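Order-wise, the sequence lines are chains Y and E. FYI, in the numbering used here the residues of the first sequence are 1 to 113. FYI, in the numbering used here the residues of the second sequence are 1 to 113.
Simulated from the structure, these hints should not be mistaken for laboratory data. There's no promise every hint is true.
Interface residues of chain Y toward chain E, partial, derived using beta-carbon atoms under 7 Å [what the hints assert, rightly or not]: (1) G40; (2) G42; (3) L43; (4) L90; (5) R99; (6) Q106; (7) G107.
Below, in silico cross-link-like pairs of lysine to aspartate or glutamate (DMTMM-like), each with a Cα-Cα straight-line distance of 20 Å or less [claimed, not checked]: (8) E:K42 / Y:E22; (9) E:K100 / Y:E62; (10) Y:K3 / Y:D26; (11) Y:K3 / E:E39.
It should be emphasised that the depicted structure is a prediction, and the values quoted were computed from it without experimental measurement. Ideal Cβ placement from N, Cα and C applies to all residues, glycine included.
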Amino acid sequence: DVKVTQSSRYLVKRTGEKVFLECVQDMDHENMFWYRQDPGLGLRLIYFSYDVKMKEKGDIPEGYSVSREKKERFSLILESASTNQTSMYLCASSFPPVRSEAFFGQGTRLTVV
Amino acid sequence: GESVGLHLPTLSVQEGDNSIINCAYSNSASDYFIWYKQESGKGPQFIIDIRSNMDKRQGQRVTVLLNKTVKHLSLQIAATQPGDSAVYFCAENTSNRDDKIIFGKGTRLHILP
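Can you build the whole structure from these sequences, using the hints too?
Structure below.
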């Protein structure tokens, strides 16, 4: 079974903190994605990566950065957390091309206070 | 179908009946479509996909219909079961924007006993 594992289910952080969300996949997928999910807004793409050291901006990259030093790991970084970044964060991975089944992690619910 | 504002549209269906979940997609150039199911507390899970050269595709208890003329996609679930209770997302991709899958806002399927 494909497994995409996000390091935390729930996180509470303070405004201004630097926050790291970690995602690891065990299927040797080239593609990895970070989404945020908010009620009524669906899933919005923050950043994605097609390979190690590669990253591309999605639709809402502001306030976020990413790191992909190893193929299996894709990290989302909130440089200075703000209350409007309170959300559910979902990591996904897939084989290329993008038009293929993506496997999602269970999500990290981040609350910024 | 697609939601407006912060509230997910909800479809309530009697157990054993067929469910039809609708989705209006945004880009007439989109040529690949996917349905995902998200159960409470979990990440989205791939159900079925369809390419624009088809207007119907069947899986196990699920059928996806594509009407490109009116940019409409539907997911039909036969003999709905309690385990089908979830939020369902349609997603689209275009071959000239092969880097992104764009998700809809989701529809909640509620199963009545």
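Okay, the hints, checked on the actual structure:
1. Proximity of G40 of chain Y to chain E holds as hinted, the smallest CB-CB distance being about 4 Å (cut-off 7 Å).
2. Interface restraint check for G42 of chain Y: the shortest CB-CB distance to chain E comes to about 4 Å, inside 7 Å, so the restraint holds.
3. Given hint, L43 of chain Y at the interface with chain E, holds; its Cβ is 4 Å from that chain's nearest Cβ, closer than 7 Å.
4. Checking L90 of chain Y against chain E by beta carbon gives a least distance of about 5 Å; that is within 7 Å, so the hint holds.
5. Hint on R99 of chain Y holds. Least Cβ distance to chain E is approximately 5 Å, under the 7 Å limit.
6. Among the interface hints, the one on Q106 of chain Y holds; its C-beta lies about 5 Å from the nearest C-beta in chain E, closer than the 7 Å criterion.
7. Contact between G107 of chain Y and chain E, as hinted, is supported at the beta carbon level, the nearest pair being about 5 Å apart and thus within 7 Å.
8. With a CA separation close to 17 Å, the supplied pair K42 of chain E and E22 of chain Y stays within the 20 Å bound.
9. Our distance criterion of 20 Å between C-alpha atoms is met by K100 of chain E and E62 of chain Y, whose separation comes to about 17 Å.
10. About 6 Å separates the Cα atoms of K3 of chain Y and D26 of chain Y, which keeps this hinted pair within 20 Å; it holds.
11. Under the criterion of a C-alpha separation no larger than 20 Å, the hint pairing K3 of chain Y with E39 of chain E is consistent with the structure, at around 17 Å.
In this structure, every one of the numbered hints holds.
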